[in-house]
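Dock chain to chain to rebuild the complex, using the hints, since each chain is given by itself in its own frame.
Chains as they are written, first to last, in our numbering: chain A, 6 to 95; chain B, 170 to 439.
Quick caveat, the hints were computed from the structure, so don't treat them as lab data.
Cross-link-like lysine to any residue pairs, in silico, SDA-like; alpha carbons within 20 angstroms at most:
1) Lys329(B) / Asp67(A)
2) Lys73(A) / Gly328(B)
3) Lys41(A) / Ser327(B)
4) Lys73(A) / Glu17(A)
5) Lys26(A) / Ile407(B)
Covered stretches of chain B, going by a simulated chain A footprint (3 or more residues, C-beta under 8 angstroms):
6) 310 to 319
7) 322 to 328
Note that the coordinates shown come from a computational prediction; the quantities given were computed from them, not determined experimentally. Idealized CB from N, CA, C, for every residue including glycine.
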Amino acid sequence: MASERLEDQLKEMLVERLMLKMQPNEIEDADDLIEKWGLESVQLMEIVVGLEEVFGIELGDDDFSVKKFRTIANIASVVRERDPNAGAQS
Amino acid sequence: MPNPETPGFLTAADGTPLHGIYHAPAGKAKGVCVIAPPLFEERKSAYGGLTLLARALAERGFGAFRFDFRGSGESGGDAGQRRWNHLVEDLKTAGDAARQLAKDVPVTLIGTRLGGTLALAHSSAVNAKAVVAIAPVLKGATEVRLWRLRSKMRAELSGKENEQTNAPSTTKGEILDLDGFPVAKSFFEDLKPVDLLGASQQAAIPTLVIQVSHREKASGEYERLQEQLGAPARLACIRALPFWERVDDADVSGIAECVLEFVTQLITDR
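Pulled out of the complex, with its shape left as it was, chain B reads as follows (with noise of 0.2 angstroms):
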């Protein structure tokens, strides 16, 4: 039997309810993980996935709590008018709400994809004490462009392109459908000026950035990441198929054990 995990809602500044599970371990929480997920279809894939990071987290003595960013999962919120400022706030809540729930232990951000993109530019926010940031996206840019791109050819081969004027996104006012998903095209334009690799700010607190791929060593463009993060920054390389992009045998294990040295370290060094 796993951990107790209970569900229940925070509420943004704005007053946005947001969903969150707590896993809670078993006796004084040595630490508290807030694990950020990522958006669109990346985060249905990833739920499997980061329930298991939780459920590892709070086995060796770690609080974790999974959240939903507003208009996605069980959160409320308008996925159509959600901007990137929106993410750093439910960031922050989430944060405010694993402190209350673990008491005076270090809040390690925990981040996949985008939500480690946001773990790694916006970690002062939470007040967090290390991040972790697991295949975090690079360029904002890029993603927007491969969404779309992913989008086109997800309807193309479901039959559904004509349906959508052979875009691969319908424009409805100022939202897209992006493969089923709305997305304030606002977002969008906040997303393609992201650029980890182009940001001048050195990590201030213990960095982990796990690369998760079909390589035995990490890409050029993560050693940059790694280089321009600086000293408190370590990289990682997990040979495996991306969790985030499956919904069937996501096998996070790897993942999850570099993750647990990594905050186990951390309490250690205190």
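This is chain A alone, in the form it adopts within the complex (with noise of 0.2 angstroms):
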């Protein structure tokens, strides 16, 4: 994972964790990942939690928004903002 884009390591730990029946790349960066993939609460939970235990940024309720979550872009950007470095090419 280390050698991939933060955007590639993010829709591959969601198709992993929501064990989506599809490949990471079917996912588009600006998808609406609620509109498009019809992901619910609990899936964006599941992220919230992947998100922890991945990259070690914990999310207090003050922090989380849905839009913050409605795509990979948007869950890249949230990642960067606590850990600038992550994802950088190795």
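Written out as structure tokens, the structure reads:
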């Protein structure tokens, strides 16, 4: 994972953790995960937990808004805000 | 047709009526299992899966007693007044009932999520001979934070965030509205110090911890829990979607097989 773009790492994490029957590269950075891929609150929560486990990012309710988790690009921004080096090319 | 399922009410020591359902095996029970559910939204979603688990146990000759903690399901009691010690009391009441329903056989305590945490921490209150904890909540403080976050998320997704004054939960006196479920503020305070990974007590009875996730192998936290619980503890990792988060297509077959193997082995070892 270390040599991949952060966005690609996030797509892999999403497909793996949610056990989705699809390939990570089917998801575009700007896809609306709720509208296009039908993610629900339970799955968004799994992403939140994944960010904690994989990137060590702990979110409180004040940090959270659905908008920040609607697209891979937005989630990547959340990660970079807390860790500017996340997903840097190795 | 499933084995007979008998609903009824128990009475906790303080008079609170608790609803339970006994799944009887054909013939004399080899053992009896008390099934402690999760709380809040997870209880609703887990209902179907835990019913299937109880039926699977009954089919293999074990009595299975499912119940609702006070303030949830069909049990009485005020959810807004519920504290951690009430849950321990309810667990004990359910254990006593199971012992009456299937006499002179060992009791195994099976808990899911917060029910699993209770089972691990308070098996002695039930005088259980074994414990199964399915995806127990490991750290209360983390779970409280995630519950609040989930509540805010659901409010946003349903367009109700403004009704909740932009807060994850509304406060009415000392009672919080957690995604539609009343919770005593003090219950969260009770839960915050609960830390299975920080506890020093080793398991005194055979214990099975089941991690249910996308993983093929158990996570570091679960391995730490097993190590801490010591020799009587086994750790199983089931790759499946969490049934306590899904009302539809909950597949508990892998979990049920794992539990059945464990309780059957206990009988063989007696």
